[in-house]
Amino acid sequence: MWELIKLMLKEEVRIHTHLFPPLFFFLLPLMIFIFSFFLKLMILNVQILTTIFFLVVFFSGLSSGGYGVQAREIYLRKFPHLNFLLYSYLAMPIENEKILFSLFSKEVIFHFFWFLLPFTFGIFGFNILTLIKAVAIFLFSNSLSFLLSNLYNRRILFLISLLISAVSIFLFFNFMIAYPLLTLISAFALLYASLKTVNFEYYSKKIHHRNYFDALIKYFKSPLVSKDLIDLKRSYGIFRIAFSFILPFIVTVFIFQIFKFIGIISISKDVFYSLMLGLISVSVYATLIEFDRWEYYAIFPLKKSDVIKSKLKTSFLISLPLLLISISLMAKPSIENFFIGIISMLYIISLLVYLIDLEVGLLFDTRRIIVFSLLFAPYFLSILLFPNILITLLIFFLISLLLLKFGLRRFD
Amino acid sequence: MEVIKTLNLVKKFGNVKALNGLNLSVEEGTFYGLLGPNGSGKTTTVRILSGQIKPTSGKAFVLGIEVSNYIKIRENLGFVPEEEYPPSFLTPEEYLKFVCKVRKIENWKEKMDFWFDFLDFSGYRNVLVKDLSRGTKQKLMLAQAFIHEPKVVFLDEPFINIDPIIQRRFKKFIRDYVKKGNTILFCTHILSLAREVCDKVGIMKNGKIVKETKAKDCEKAFFKVFKDVGAH
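Sequences listed follow chains B and C, in order.
Every position in the first sequence, counted from 1, becomes a number in this note's numbering once 7 is added.
Every position in the second sequence, counted from 1, becomes a number in this note's numbering once 19 is added.
Do not take every clue at face value.
Claimed, not checked - Not close to chain C: a few residues of chain B, all C-beta gaps over 12 Å, as computed:
1) V20
2) K47
3) I59
4) F128
5) Y303
6) I306
7) P340
What the hints assert, rightly or not - With a straight-line cut-off of 30 Å between C-alpha atoms, the simulated DSSO-like cross-links for lysine-lysine are:
8) C/K246 - B/K311
9) C/K149 - B/K228
10) C/K91 - B/K320
11) B/K225 - C/K123
12) C/K73 - B/K320
13) C/K128 - B/K225
14) C/K191 - C/K230
15) B/K412 - C/K73
16) B/K412 - C/K120
17) C/K191 - B/K310
18) C/K239 - B/K310
19) C/K120 - B/K213
20) C/K198 - C/K24
21) B/K320 - B/K240
22) C/K24 - B/K240
23) C/K128 - B/K316
24) C/K36 - B/K311
25) C/K170 - C/K233
26) C/K36 - B/K17
27) B/K320 - B/K310
28) B/K213 - C/K156
29) C/K73 - B/K316
30) C/K78 - B/K311
31) B/K225 - C/K219
32) B/K412 - C/K123
33) C/K123 - B/K316
Unchecked claim - So, partial list: chain B residues that the calculated Cβ filter (under 10 Å) puts toward chain C:
34) H23
35) T24
36) P36
37) T58
38) F61
39) K213
40) R217
Simulated from the structure, these hints should not be mistaken for lab results.
No residue lacks a Cβ here, since even glycine has one placed at the ideal position from N, Cα and C.
Extracted from the complex, chain C is given alone in its bound form (with noise of 0.2 Å):
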């Protein structure tokens, strides 16, 4: 089944096409990365497909469901995105409680504490988020990003600050997760991490993309796509 589809997509941000066309499909159970220097589009992919802007023009579906309902969407998605961090008067506890109420989680006690341990920043629950590190706050992005559960992750970025033995702990799990049957579309320009955590690339250019490869030929096929780059 394919989980994400893109048919023809265009976003244009005054006179700057962002999107050129794209088309991408990610089957089920996929860990699918998203690679390309700045500002080849991909931030504006995973925007596009989580609701948060409308497309120009194209066609764009999430587990079947087109993005225009987005809500139905992201019930059962979760999403890091790049440069977003929770509101700066909460704590950690109280922040992801808010994340639990509003997608109504049940379970919600041992999923926090389970999180907590995990990214090990149970020591900051009751801190302050302005007053967090970039790190913490960018683990209590990714707690809240899979609380849930969800059939579908967009990760844009996602290890940014986060150190070492986080990351490869993390890595790990979300290597795990696609293993359940869950999909991930993984946005980033740091190859050797698509190359590590994903079975399969897209290398983004101008807005569409260009090739599509299994991730670990993804750093020799990303430099073939972008020879030019630096050469001058």
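Isolated chain B, as found in the complex (with noise of 0.2 Å):
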């Protein structure tokens, strides 16, 4: 099983190193250090870092454990031509559970070098007890997301799982930081049970579907529009982006919290909401992006610019009423906080559309990061710091609009 292991990760760093150019991988991990060395300089109560960096160790294995099954989808859609360990089961001479086994291990090895190790270090220096329950913790997550990704796979008791999950995880987060062993244990009895759960089969149960085309294009007038709706419902995706925004907004809930613990923020609670409910609708667009390829449409006469704005259209057609209705549920709706929701998104995806063409993965390179970093902070910080913020909004607003057309142009 060690080969398998080996072989995964090789072709783990493969798939990165082909997205990106390898030395921007490499350095991830020192882009990682520096940054978690900031945060350390950022933040100078250790009870607050500590809680954030334990956080973060959280959800980092929550979903890279939450990929490593349901990737699957994303893969073969993205890679159709190219067949991967984890996914060559029927070929191999292997038990499915040594093979998801391997690749739990696998993506455990990866984060440890590329993320947890780097990320530990630049906070807290070489203090082995903390890695280890960083280890422990993410241990634990990764096979909870495993879990809960096999459960999902199944259909069977999702939901009851995700709430007592999330129930036990805000009772007992302190316990795990404080008890690393009895964390080890339960994430190895919860890898037990996902071994247990998992399901290579992949079938579907509807064999004939109703023709939606008709309809849609009838009311949106675009093909592209009309297919990309078709699919997102087909495949799930409308779940994704309802749990890519739920989940997020909890996070800056407790972030909100913590700035305003520490008083790094001096805007109010409805402003700094709005802004992150504008920056995670972006989730909408990059789904969209993620789920499809660009090669479907190179044999038609469309341009990628064409594809691109088609996704626009659908990711607004989405984002926007889940923005509005997010915002008008505020205590104190106002047109202002509307415009910071709509413009934070409308710049963050002028920026997607300027870096990353329609490959999502293109944002794990370093190079790529550094630039959405540095055209990303002034947004922020503008919004967080600079007292008027309509002047901002229209700034950004025009802004957008450039990077729009010149991300437009470049990619055909």
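Make one complex out of these two single chains by using the hints.
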């Protein structure tokens, strides 16, 4: 099995170095180290810093575990001509459990070197105990995510399990940090349950499907938008969007409390939430481009900009109502807050259009992350610190239009 | 009239030279076979000609239009790529309607019905693409390539996974299609297929055409070019 893990690790590295320049990929741990070091300088309260640290570790485990199994869909869409070790289970004389265990081990080893080690050392220096605690929490959330994604794939007990997990984590988070050994034991119990519930049979229960295209094209006029909406509905993308909207918002509420507590934020809660809601809405656009392939369209008389424009239309079609409903549910909804939400979304999407074309994976390229951060930081800080928000919004609205104009031209 | 023309076409992928000065000329109304072993540059050639990738150097024209103006070319081009299937979560019916809308085809209903019947996959009209067999997906790709009756068609290994009955029916169809004055560029490494359907073939080796001949002589010519392959 060690051979399989080694091959999976090689495959992981090759996928990343195929997507962006190898040097930038290998520099990623250094970047994480620098980022965490600056985080330590920014947040002087050790207790808050520690909580943030373990929360980030927890969420990264959660996202990497979920990605492991759910990624099949994305991988098959993005690289249909490539075969991955995980998905070649039918061709190999290896039990499914062993393949899944190897995948789990690969994720842990990969994240240990590329994320946990630099992130821990950047904040706490050479602190082995904290590293062990971080590994235990990462293993726990990673196994939990594996288990939940298996249950989701089987469509059984998912909501109940999700609820139980959320409540347990809320109640026992501090306990998990204090007792790493017990966390490790729980992680292995969860892993065992994941291995027993994994389902490698992917088939549709429903064979014949109603034609939605006719109705949608009549209404939206665009074949690309209609195609995207059908795709989102049938591939459960809508659930994914709902999930990626709710979860980050919970984190946002938490971050706001921390910012307020340490006094680095002076704006109102509604302004901050509107800003964050706008940023979170970008996940709709990210999902749309992640679920698609330019190659589908490259045989038709379509430019990349045509496809990007249709993704923009679809994402605004979905995110605007979500954004408007969320903001109107605030204690004091105002026009200003609506604009903050909408312009935040527009600005980030236009940055994505400019930087990553239709390849969401490119965002993990260190060079692009740096450019993205450099362009994002002025906006974020202007909203938080500049007293006249309307002028800030107007300036960034114009910048967004320029970025979109150049971004759409750039990849044709 | 030369429908396809390349002049000293070069394409590099990093250090690998996929095309190394390709000169190709295909006349209107020709069924031209591009033959060669794996990695000889056939797929790269059609990808450049369809505007999917840019050449490193050299020039390429389809219907007299330079490939940089690929939108104009694709309006009159049908293409079955070697490794591409339609989006997973559409049904064949929805996908063909999508194609008709993108290509602004008027009498789309008749055309769709024709292709479902002709390639014998009407029973799968409402099944998601991801649940179709590879052969049925390939039928769908063939239908999308011809539904707008293009002047030029690129077929990259189009018969993979297609059952023999449909293969025979489709071979006759494409032969007749060329007789009407249309042009087909057919990439394959199956020599017997090329002999059966093509008028003329070009044999590719290391990114360029090293021999052009009549299709009936293609096997002899091919093994003459690659006489050392498999000798050891």
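Hints versus structure:
1. V20: holds (18 Å)
2. K47: Non-interface label on B/K47 holds, nearest chain C Cβ at 40 Å vs cutoff 12 Å.
3. I59: holds (38 Å)
4. F128: Given a closest Cβ separation of 35 Å, the condition holds.
5. Y303: Nearest chain C Cβ is 5 Å from B/Y303, so the label is violated.
6. I306: violated (4 Å)
7. P340: Non-interface label stands for B/P340: nearest chain C Cβ at 36 Å, farther than 12 Å.
8. C/K246 - B/K311: violated (44 Å)
9. C/K149 - B/K228: holds (26 Å)
10. C/K91 - B/K320: Holds, at about 25 Å.
11. B/K225 - C/K123: Holds, at about 14 Å.
12. C/K73 - B/K320: Answer holds: C/K73 to B/K320 is near 29 Å, not above 30 Å.
13. C/K128 - B/K225: Holds - the C-alpha atoms of B/K225 and C/K128 are around 16 Å apart, at most 30 Å.
14. C/K191 - C/K230: The hint holds at about 27 Å.
15. B/K412 - C/K73: Given pair B/K412, C/K73 holds - Cα atoms ~23 Å apart, limit 30 Å.
16. B/K412 - C/K120: holds (26 Å)
17. C/K191 - B/K310: Violated, because 34 Å separates the two Cα atoms, which is more than 30 Å.
18. C/K239 - B/K310: violated (42 Å)
19. C/K120 - B/K213: holds (27 Å)
20. C/K198 - C/K24: holds (20 Å)
21. B/K320 - B/K240: Between B/K320 and B/K240 the Cα gap is close to 16 Å, so the pair holds against 30 Å.
22. C/K24 - B/K240: With a Cα-Cα distance of about 44 Å, the restraint between C/K24 and B/K240 is violated, given a limit of 30 Å.
23. C/K128 - B/K316: Holds. C/K128 to B/K316 sits at ~28 Å (cutoff 30 Å).
24. C/K36 - B/K311: holds (26 Å)
25. C/K170 - C/K233: Holds: C/K170 and C/K233 sit about 22 Å apart, inside 30 Å.
26. C/K36 - B/K17: holds (26 Å)
27. B/K320 - B/K310: holds (16 Å)
28. B/K213 - C/K156: Measuring from Cα to Cα gives roughly 18 Å; hence the hint holds.
29. C/K73 - B/K316: holds (23 Å)
30. C/K78 - B/K311: At roughly 22 Å apart (the allowed maximum being 30 Å), B/K311 and C/K78 satisfy the hint.
31. B/K225 - C/K219: violated (46 Å)
32. B/K412 - C/K123: Roughly 26 Å between the alpha carbons, so the hint for B/K412 and C/K123 holds.
33. C/K123 - B/K316: holds (19 Å)
34. H23: This hint is violated: B/H23 lies away from chain C, its Cβ roughly 17 Å from the closest one there, beyond 10 Å.
35. T24: Status violated, d = 12 Å.
36. P36: violated (25 Å)
37. T58: violated (41 Å)
38. F61: violated (38 Å)
39. K213: holds (9 Å)
40. R217: holds (7 Å)
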